[in-house]
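The end of the sequence shown is residue 205 by the working numbering, with every number in the run present.
Derived from the structure by calculation, the hints contain no laboratory data. We put the beta carbon where it would ideally sit given N, CA and C, even for glycine. Among these hints, one or two may not hold up.
Label-pair distances were calculated between CB atoms; the ranges are [claimed, not checked]:
(1) Y203 / L161: 16 to 24 angstroms
(2) N155 / Y203: 15 to 23 angstroms
(3) N155 / W195: 18 to 26 angstroms
(4) L163 / E197: 31 to 39 angstroms
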Amino acid sequence: MSKKGAKNFQYSFNISPEKLKLYAKLTPEERFEWLEEAHEFISQAVSYEKLKRWKEYLNKKYKF
Numbered sequence: 142m143s144k145k146g147a148k149n150f151q152y153s154f155n156i157s158p159e160k161l162k163l164y165a166k167l168t169p170e171e172r173f174e175w176l177e178e179a180h181e182f183i184s185q186a187v188s189y190e191k192l193k194r195w196k197e198y199l200n201k202k203y204k205f
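Whole structure, please, built from the sequences with the hints as guidance.
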C-alpha cells in the first residue's frame, strides 16, 4: 500500500447481535477480564509505534 493510501486507511468490523447479547450477559468482572485480555493481546500483536499513532489519531478525531 502506498503512503497516500495508508493515510486514508480506515478499519472497521461488525459485531453480530448474538455476540452483543453474549457480552451483555457477562458480569462486570467478566467484562473487565475480557478487556484486560484484549489489551494484552493488542499490546503483544501491535508495535508500540503503531499504538502511539492510533492514540494520536483517536485524540485528534474525538478531541480527548
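Status of the hints after comparison with the structure:
no.	hint	result
1	Y203 / L161: 16 to 24 angstroms	holds (22 angstroms)
2	N155 / Y203: 15 to 23 angstroms	holds (21 angstroms)
3	N155 / W195: 18 to 26 angstroms	holds (20 angstroms)
4	L163 / E197: 31 to 39 angstroms	holds (33 angstroms)
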